[in-house]
Amino acid sequence: MEKRKELIVSAIENGTVIDHIPADKVFQVVKILGLDKASTPVYLGINVESKKYGTKGFIKVSDKYFEPEALNKIALVAPTASIIEIKGFEVVRKQTVQIPERIEHIVKCFNPNCVTNKEHDIPTKFRVKHVDGKLRLVCHYCEKYTSEENIEFI
Amino acid sequence: MSISLKNRSLISISDYTPEEICHVLDIAEDFEKNPHQNLLNGRIIASLFFEPSTRTRLSFETAIQLLGGNVIGFSSTSGTSVQKGESLADTITMVASYADLIVMRNPIDGSARLASEVSKVPIINAGDGSNQHPTQCMLDLYSIRKTQGTLENLEITLVGDLKYGRTVHSLVEAMSHFNAKFNLVSPVELKLPRTVKQHIKDAHLEYEQFTELEEVIPHSDIIYMTRVQRERFPDPLEYEKVKNSYVLRNAMLANAKPNCRVLHPLPRVNEIHVDVDSNPKAYYFQQAQNGVYARQALIAAILGLK
Chain A
693 MEKRKELIVS
703 AIENGTVIDH
713 IPADKVFQVV
723 KILGLDKAST
733 PVYLGINVES
743 KKYGTKGFIK
753 VSDKYFEPEA
763 LNKIALVAPT
773 ASIIEIKGFE
783 VVRKQTVQIP
793 ERIEHIVKCF
803 NPNCVTNKEH
813 DIPTKFRVKH
823 VDGKLRLVCH
833 YCEKYTSEEN
843 IEFI
Chain B
88 MSISLKNRSL
98 ISISDYTPEE
108 ICHVLDIAED
118 FEKNPHQNLL
128 NGRIIASLFF
138 EPSTRTRLSF
148 ETAIQLLGGN
158 VIGFSSTSGT
168 SVQKGESLAD
178 TITMVASYAD
188 LIVMRNPIDG
198 SARLASEVSK
208 VPIINAGDGS
218 NQHPTQCMLD
228 LYSIRKTQGT
238 LENLEITLVG
248 DLKYGRTVHS
258 LVEAMSHFNA
268 KFNLVSPVEL
278 KLPRTVKQHI
288 KDAHLEYEQF
298 TELEEVIPHS
308 DIIYMTRVQR
318 ERFPDPLEYE
328 KVKNSYVLRN
338 AMLANAKPNC
348 RVLHPLPRVN
358 EIHVDVDSNP
368 KAYYFQQAQN
378 GVYARQALIA
388 AILGLK
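Residue numbers (the numbering used here), protein chains in the order written: chain A, 693 to 846; chain B, 88 to 393.
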């Protein structure tokens, strides 16, 4: 199985592998990390068999390493993701993602009357709050809550 | 340590600590005794009302004039560059170069916070959509402290539209600092949102929810009435069923505590019967008058003059 996967997507020499992404969230992760504008090769895998999760997605980004703040943003959609840094085809670091305390620029405020939806070019800012075990994004401007199921990426 | 609010915008009541709130109330008390104080001495305050308002605008402008200041601004956007499509940030940047302080009301939620981030002079939020109206909260707190002698350990009954009423939300948040007990009286459709109740829970305070007003009157220190609006009900029949449950009449106050006072952010429509007006427990008109002192206090404190 492992061998066949390698035939589909080559191992990268240097860069970052984002593994264990929920299969339907790969494109959101691409967007959050700005990989749609990447200048180095990026390989995507969707609906790949996973022992742990049934199916999963992954992204391999050549010659690029990310700041933890950037990677933590993907925790909003892919809390199970693991981040593997590769140097010279070797794994040099493996880590998980953590939901950050603040989310900026990537999520739309759910409140249609929020100033970020009414005026042009106002970057959104949210504080992350956990209410009754559920994730809530509190808008810095309108102070309204955007709940997990209403998260929409800009 | 002395408290200074110099250059501190007031966007949300939670921007100020309980100590800072009490500091503003102390200054307001001084203005009530002596309202004419020429502290502004010709300074210019901008009053930008992007939507109409009667009480808030007039009480701000009264406060500015009592302080010897000059007002520039507009009371609606008609004929302004806003109608030509100017961004809020540009309007604020421009006005901030003319005035020492900006008072702003705007129908868009979060507009005041944005204004405070682009303005080089402080902003006082005079209401941003359904979000915050902190100067109303300040005058409510002033009225409560003045009539009760304290903000601590009071039983506060909030009546009517607790779901959409922003004054109620700010008041709950602010009074949660002062060990209040809350009675929440509303139709089931208009209950206090969970996010606002969270402030009460975070402070480990008590609250009870009711659908009838009468039973809570005898143990209330403050009865804070708000309007139940017909348009909040998807089914007009539901409104018809409940509309009279939230009308306060004079006879209902017969067993109220001697210190009990009735407050209302105004405008009132029919939720407080006019027969309450002559009852000494009716305090809503004085409450509106207190708005001038509270706003004088805020302007003076934010400009570093008190």
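A few of these clues could be false.
[As the list claims (entries may be wrong)] Dumping the calculated SDA-like pairs for lysine to any residue here, alpha-carbon to alpha-carbon at most 25 Å:
| no. | chain 1 | residue 1 | chain 2 | residue 2 |
| --- | --- | --- | --- | --- |
| 1 | B | Lys278 | A | Phe802 |
| 2 | A | Lys836 | B | Gln296 |
| 3 | A | Lys743 | A | Phe802 |
| 4 | A | Lys836 | B | His286 |
[What the hints assert, rightly or not] Taking beta-carbon pairs under 8 Å as the criterion, some of the chain A residues facing chain B (in silico):
| no. | residue |
| --- | --- |
| 5 | Tyr735 |
| 6 | Phe802 |
| 7 | Asn803 |
| 8 | Thr808 |
| 9 | His812 |
| 10 | Arg819 |
| 11 | Val820 |
| 12 | Val823 |
| 13 | Cys834 |
| 14 | Lys836 |
| 15 | Glu840 |
Keep in mind that the hints were calculated from the coordinates and are not lab data.
On a predicted model such as this, the values are computed, not experimentally measured, just so you know.
Beta carbons: idealized from backbone N, C-alpha and C, even for Gly.
Enumerated hints in conflict with the structure, sorted upward: 3, 5, 6, 10, 11, 15
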